[in-house]
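Colleague: Take these sequences, add in the hints, and give me the full structure.
Residue numbers (this note's numbering): 1 to 269.
Take these hints with a grain of salt, some might be off.
Label-pair ranges, simulated between beta-carbon atoms [unchecked claim]:
{"id": "1", "residue 1": "A80", "residue 2": "A261", "range": "35 to 45 Å"}
{"id": "2", "residue 1": "V103", "residue 2": "R27", "range": "19 to 29 Å"}
{"id": "3", "residue 1": "L180", "residue 2": "L82", "range": "22 to 32 Å"}
{"id": "4", "residue 1": "G185", "residue 2": "F160", "range": "30 to 40 Å"}
Listed next, the in silico DSSO-like pairs over lysine-lysine satisfying Cα-Cα at most 30 Å (straight line) [stated by the list, open to error]:
{"id": "5", "residue 1": "K125", "residue 2": "K253"}
{"id": "6", "residue 1": "K104", "residue 2": "K92"}
{"id": "7", "residue 1": "K125", "residue 2": "K247"}
{"id": "8", "residue 1": "K140", "residue 2": "K92"}
{"id": "9", "residue 1": "K140", "residue 2": "K104"}
By construction, these hints were calculated from the structure, which means they are not laboratory data. Since we're looking at a predicted model, the values are computed, not measured. Quick reminder that beta carbons are idealized off the backbone N, C-alpha and C, glycines included.
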Amino acid sequence: MLCGLSVGTAQAATWSDTFLGYRYGTRFTEPGNPNDVEKHILQFTHVSGYTLGQNFLNVDVLQSDSTDPASGGESGATEAYLTYRHQLHFGKLFGEPLAFGPVKEVGLTGGFDLNTKNTEFAPRKRMLVAGPTLKFDVPKGFLDLSLFYAHEWNHCGAGFCEINEIEFDPYYQLNLAWGLPFSVGALPMKFQGFYNYNHEKGEDYQGNATEAEQLLRTALMLDVGQLAWGEENRLWAGVGYEYWRNKFGNHDKPGVDTDAATLQLEWHF
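Modeller: Structure, rendered in structure tokens:
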């Protein structure tokens, strides 16, 4: 996931950026479901730096329409997904950046993901990740490439599952995260997002082999607040795109591939 969202304050000794976000799209998917799903997504994100590194916290609350029903089928499902990452920068730890070529610093990243969703499946994802991060030297913003060791546990409450509590095989995750500000004439903009490649993680709840998974979530945003009333990095609006293949390692079933355009807002404070 994204591990640095501030594009204007990252040079300070200590810094932070916090925002409330909103995403909306009509073509999300869920494994085993042949229908497109409309979702409203509320987001809370905080990123901050300190003397030895930085912290990243994101919470998404996702509300589906009735095509992705909650358990009982009377309304759309609600999901909460939390991501936390911590970066320890070797240059700050040892007093000199570990730089080479286009890389300005090397870090060690660790963290976890947690989720819950009130469907019949009732997932309860618990995932730990750890690994090195290369921080590239870009003119503005950030570009990070990480290689994580990942270990995941989850739950299935549906009747078709042969295993209710599962510990997947450890796997590696390649993560690319970026936040790149730029201008088009007088328009202040940013290009942001992340890409995850997850290697296969063994067998699923029915004994089927999982396959490698890809997730790209990106957005092109305009600093509306700066244009409208001269306040930089307050209100952003833009469009995004979610590309997901073999969602959760599933394959050979409907709903495992996503191509969803989104409308997005961010209010920074």
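Colleague: All hints are to be evaluated individually against the structure, with a verdict given for each.
Modeller: Right, here's what the structure says about each hint:
{"no.": "1", "hint": "A80 with A261: 35 to 45 Å", "in the structure": "violated, 23 Å"}
{"no.": "2", "hint": "V103 with R27: 19 to 29 Å", "in the structure": "violated, 37 Å"}
{"no.": "3", "hint": "L180 with L82: 22 to 32 Å", "in the structure": "holds, 26 Å"}
{"no.": "4", "hint": "G185 with F160: 30 to 40 Å", "in the structure": "violated, 55 Å"}
{"no.": "5", "hint": "K125 with K253", "in the structure": "holds, 21 Å"}
{"no.": "6", "hint": "K104 with K92", "in the structure": "holds, 12 Å"}
{"no.": "7", "hint": "K125 with K247", "in the structure": "holds, 14 Å"}
{"no.": "8", "hint": "K140 with K92", "in the structure": "holds, 20 Å"}
{"no.": "9", "hint": "K140 with K104", "in the structure": "holds, 13 Å"}
Figure legend: structure checked against the earlier numbered hints; hints not met, in rising order: 1, 2 and 4.
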